[in-house]
Each structure stands twice: as structure tokens, then as C-alpha cells.
Amino acid sequence: MGWFQRLSDGLGKTRSAVKQSLDRFLGRPPDQALIDDLEASLLGADLGARVVDRLITQVNEQARSVSGTTVADLQNLLSQTLYGVLKPVAGSSLEELLNKGPKPFIILVVGVNGAGKTTTIAKLAQRLSQAGRRPLLVAGDTFRAAAIDQLQVWADRVGAELIRQRHGADPAAVAFDGIVAAKARHADVVLIDTAGRLHTKSNLMDELRKVKRVIGQELPGAPHEVLLVLDATSGQNALAQARQFHEAVGVTGLALTKLDGTARGGILVAIAEELKIPVRLIGVGEGVDDLQDFNAEAFVAALFGQPAGAS
Amino acid sequence: MLDALSDKFEKILKKLRGQGVLSEQNIAEALKEVRLALLEADVNFKVVKDFIERVRQKAIGQEVLQSLTPGHQVVKVVWDELSDMMGRERAGLSLNPQPPTIVMMVGLQGAGKTTTCGKLARLFKSQGKRVLLVAADPRRPAAGEQLSALGRDLGVEVHRHDQAHATTKDVVAICRAGVERAREQGFDLVVLDTGGRLHIDDELMGELVAVKAATSPHEVLLVADAMTGQDAVTMAGQFDQKVGLTGVILAKVEGDARGGAVLSIRAVTGKPIKFIGVGEKLDALEVFHPDRMASRILGMGDVLSLIEKA
Ligand SMILES: Nc1nc2c(ncn2[C@@H]2O[C@H](COP(=O)(O)OP(=O)(O)OP(=O)(O)O)[C@@H](O)[C@H]2O)c(=O)[nH]1
Ligand SMILES: Nc1nc2c(ncn2[C@@H]2O[C@H](COP(=O)(O)OP(=O)(O)OP(=O)(O)O)[C@@H](O)[C@H]2O)c(=O)[nH]1
Ligand SMILES: [Mg+2]
Ligand SMILES: [Mg+2]
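Keeping their order, the protein sequence lines are chains A and B.
Here the first sequence stands for residues 1 to 311, where the numbers follow my numbering.
Here the second sequence stands for residues 1 to 310, where the numbers follow my numbering.
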């Protein structure tokens, strides 16, 4: 079962409830019970109380002011509003960036602990090699136990080169080595792994700033992409993560992982609205091929079901 | 944003406390703010709904409305209910009189299982116990090596048998052998570090059931990430239903996540929260304090002192 199917199934109950109530409400504005149902499903998708309150207000207004409003109209209204928020952040795909960008194209991957940074790098490396590019991996997590070995295993599997130093080395120095090696070996894309860190730890955020600075000194204009990896399972805290990482190192793209579970990553909406950072990728499994481009339409459809008329 | 909310919340409570007479209207307004605080903290919306209803029932009761300090009473009702839901016990982990105590760690990918295994090993080693760690995640790249590295740092033995394409049978065999070794060699505690998995992955959930059946662990602990959102209920509910939990450890609590997931997890599993993880280092493990978590979820620095001042 695909992630889209799973996402949709998660909200299937709400959708069928909505459909059933269609009969009950035919020709009349929807009642409170329906609005409550809607609210519950929106909250359950991690959209957050503030976004949900706003959406519900909109729905209420439309239901009251436009006579003959049907449930399907409301569903459409929601989909369209969310699509409006998410479409701008669908942005360019990574492929497009690489096509336009310089060589080597440097991608710095950041995020909180366990979000999926290392695995996302592996998946990206696989995708890039298959597209005929030469990725170079850089083991910038010198802190977590066996983080370097983890990336080495992936590098071997996907047949990419890895630049590494010993455990405990200065991550900025490893990144520096990576850039030097990329230039010497004519790599197309450099994927720099970093240690997971909570956005509230200022010393660790400073360390990340330093990594970025050193990269820029060695290759002016780099990194060309700072990719923040977010776990779709996380709730409202993801907004704080995005804010703090953005402030520290200027995030230019997002990757949302673990969408193959039952979580729905609704927090993306608040992040998109506030920070307007493009969502580049979604992770839908632990395998090396479980990576897809973000598609705003599919994402909204998975949250709410297909817009009326389409299903 | 979160701070602004808790400020607002404090103001409302202050207003309530200052009020000589409380109306149901006052209470409803205050509870609206409480509801928002809980949702912002990622407490599951169904749990929030039930919670608010219970508080409303109690708060509009005669004792509260007719008491000399009704505002004070409402705050106290919120607080008491929250602490009740969180569980009042300070659980920790006690070893079986008949060694070895067998502990199995389970949870989603990246939650913090392996690190928490290291933390438990360190804790019990410091109490003079002999601990064996079992690398039961042969699939994720370098998961075994990660546990071995922690074991080396701690001077704790690690039972490990890496296999490229491990089946459920292989994983069960590793765990059984680990427990057997612990028994033969007189270890006090053996901790099984299973791989991360999704609660909807029936095959991998079945593997946990098989490991459990083969090793009869005294504790099956769910390691959950403090940043988990609304899905915490589904996740924890499924792990409990399919595998059966004895307790929960919440990791990554030292950040600014409000950790409302813990309340949702308690609500669906009823299982005690044993420890919290407060850092990546192996000494960053604390026994869970329900009252501290309650004030954190509401976003108030110190609710108790507020109540006392009221
Ligand atoms: N189900 C699922 N699991 C994933 C996905 N992406 C990563 N994982 C798993 O999540 C866990 C953590 O992934 P890592 O790539 O190690 O995460 P990280 O951000 O590098 O972690 P740290 O370096 O420790 O901060 C691993 O068990 C991965 O296999 C995904 O899209 N879906
Ligand atoms: N800040 C912080 N990080 C933690 C804590 N506990 C674990 N981590 C980090 O979270 C990340 C994932 O931890 P692991 O122990 O590898 O998680 P896991 O559940 O074993 O992951 P998989 O085996 O891949 O499913 C690592 O970067 C750990 O250092 C904690 O209490 N605080
Ligand atoms: Mg990593
Ligand atoms: Mg692990």
C-alpha cells in the first residue's frame, strides 16, 4: 500500500462520515456535529489548533452566508485553501535546482535527532547515481555512536564515495575535506550529513553555523541548498524546529520523512505559511528507493480526500 | 507563540482567581484556553475533549462555585485532573529478585531506543549490576555497531550477531541466545535493542511478538519521542495491543517540545512512564516526575506555586 493510500485511508472514516451526512444536510447548511467532525479530523492531522480554528471559521462563514452550501462545497473550500498555502512551497524540484546550479552542488543536511537525515542522504545518493550524476557523501556527524559507519554502509550500497574522519573530529573540518575532495574529484553533488541536534541547543546550532561558514569559505556561494529534514510524526514542535534552524543556517528546502506511517505531517501547513520554504522531498520508507518529490495536490488530497467531483 | 499562549493562560487563571463569584461563562472561557494549551502541546484531540469535559463537570460543581476562592479551585481541578491522567507514581525500573531481569525496547524508527538502552545500562552498571546489551536490530545500517560503540564506552558487554538479510527467525534466535547467555553467565539485566518499526507494519510487529514469546521479558518498554504529534495515540495503542507494553520512556524531553504525547500515550495504554531522556549523552536519563510534566504541558513555569499563591 502506497503512502498516499495510507494517508487517505487514515482519513477515510471522516470522509465517509462526511459523505453520509451529505444526505442529511442536503439543501441545508451543515450543522455543528459536522463541523466538529471536520475539526477533529483536521486536528488529528497535526494541522495545529490555530490553523484549524481559522479553517473552521472559514467553513462556518461559508456555510452561513452562502445558501445551498453542501458538504462537498466545504470539502472543496478546505482543499483549495490548503492547496493555496502549499502550492507556492511545492517550488522547484531538486533535479531542477541541480540542472540550474553550479558544480559541485553542495547540499547541507540538518535536523533534530532521529529525523531521518542520514537515510534521506542515502536515498538521494541513490537517486542521483541512477540519474547519472556523481554524488559524494560527507560524514559530518562525528558525534553519534556509529553514525559514520551507518553512512559508510549506505555509501557502499549505493556505490558512492564517502569522505570521513574519525569519530569526534571537528564536523567543520570534515565538511572542508568534503569540498576539497569534491573539487579534486569532479563530483557533481556533495551531500553533507550532520549530527542530529535539538534546535534549542545554542552551542550545537553555533557548531552548525560554523560548518556552513567553512563550506562557504572554501567554495563561495556554497552550500547551495540547506535541507532541513522533518519527521512527519512530529507535532507542533516541528514549527519551532523550522524557525530555529532557519534562523541559524538559512534553510532553503524541506524534506518530510516517515510519511509511510499513519502520521499526516499537517504541521507542514503552518511551516509553509510562516516560513515559505519549499518542500523538496518526502520519505516514505526505510528503503533506498523510498523517496519522492513533494506534490502539493497529492498531499492535500491525502489530507482531505479528492476534491469534490474528482472522486 | 507558545510563550504567548502560556502568558495568556496565566492571565486567564489570574482573572479567575481574582473573581469572587464564578459563572459557568467564566469557566467556559478559561477552559477554552486550557483546551488550546493542551492542543498546542500535542495532546491528542480526543483526550483533550474528554479532559475538558471532566474538568467542566467538576468545576461547575457546587463545592467549587460556592467555595471562598472559586478561581483557585478551578485551577486546582485542572491541575489535579492533569496529574491524575499523568499517573502519580514515580516509576523507574526495579530489577527482578531472580536475575536476569529481561527488558525489551520497542518503538518507531529514530525514537531513541538504542541510546536509551545505553542509558539504562549505564544506570544499572553504576549500581554495581552486570548488564548485557543485545543487538536485536540486524537490519538498519550500523545499528549493531551503534550499540557496540555504546557498550565499549560504558564497559558493558554487547551480544551481537549481524546478518545482512535477517529474518524474524534470526532476530528471535539472537534474542534467545542473548537471554540464554545472560542466564548462564550471571548477568543481572539484559536489554534487547530491537529495530525501529511502524505500528502498521504487521510483519515487523509480528517479529516483536515472536521475540516476546521467546524471551518472556519482564518489561516491554515503548520508547517514544517527546516531539510526537497527534499520531502518538495510534502508535502507542498499536504497540500495546499487538505486543503488550509494561511502560513507556519518553526521549528528547530536554528541548522545547511540550510533550503532550505522553498524556495521550498514558490515556490509551494506561502504562506508567518510567523515565525521560534529556540528552544524547548516556547520563541524560531521569526518573519521570508527573507534576513537572503537567506544568510543562500547560506551558506554565510552575503551576503549583501559582496555585499556592492564589
Ligand atoms: N518508516 C520510515 N523510516 C524512516 C524514513 N526515513 C528514515 N527512517 C528511519 O528512521 C530512523 C532514523 O533515521 P536516520 O537517517 O538515522 O536519522 P538521522 O536524522 O540521521 O538520525 P541522527 O543522525 O541520529 O540524528 C532509521 O531507523 C531510519 O531507517 C522514512 O521515510 N520512513
Ligand atoms: N536530544 C536528545 N537526543 C536523543 C535522546 N535520546 C536519543 N537521542 C538521539 O536521537 C537519535 C536517535 O536515537 P537512537 O537511539 O539511534 O534511536 P532508535 O530508536 O534506536 O533508532 P532506530 O534504531 O533507527 O529506530 C540519535 O541522534 C540520538 O542521539 C534524548 O533524550 N535527547
Ligand atoms: Mg544521522
Ligand atoms: Mg536503534
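Since the hints were derived computationally from the structure, they do not count as laboratory data.
Each hint should be verified, as a subset may be incorrect.
[What the hints assert, rightly or not] Dumping the calculated DSBU-like pairs for lysine-lysine here, alpha-carbon to alpha-carbon at most 30 Å:
#	chain 1	residue 1	chain 2	residue 2
1	B	K242	B	K49
2	B	K129	B	K49
3	B	K129	A	K201
4	A	K100	A	K183
5	B	K58	B	K32
6	A	K210	A	K103
7	A	K201	B	K125
8	B	K281	B	K212
9	A	K210	B	K242
In this text, all values refer to a predicted model and were calculated from it rather than measured experimentally.
Hints versus structure:
1. As the CA atoms of B:K242 and B:K49 are separated by approximately 26 Å, the hinted pair is consistent with the 30 Å bound.
2. Distance restraint check for B:K129 and B:K49: the Cα-Cα separation of roughly 45 Å exceeds the 30 Å cut-off, and the hinted pair is therefore not satisfied.
3. With a C-alpha separation of about 33 Å, the suggested pair B:K129 and A:K201 falls outside the 30 Å cut-off, and the hint is violated.
4. Between the alpha carbons of A:K100 and A:K183 the distance comes to roughly 18 Å, so the proposed pair stays at or under 30 Å and holds.
5. Note on B:K58 and B:K32: the hinted pairing holds, with a Cα-Cα distance of about 15 Å set against a maximum of 30 Å.
6. Under the criterion of a C-alpha separation no larger than 30 Å, the hint pairing A:K210 with A:K103 is consistent with the structure, at around 22 Å.
7. Under the criterion of a C-alpha separation no larger than 30 Å, the hint pairing A:K201 with B:K125 is consistent with the structure, at around 29 Å.
8. Simply put, B:K281 and B:K212 have alpha-carbon atoms about 28 Å apart, close enough for the 30 Å limit, and the pair holds.
9. Between A:K210 and B:K242 the CA atoms are separated by roughly 46 Å; this puts the pair beyond 30 Å, and the hint is violated.
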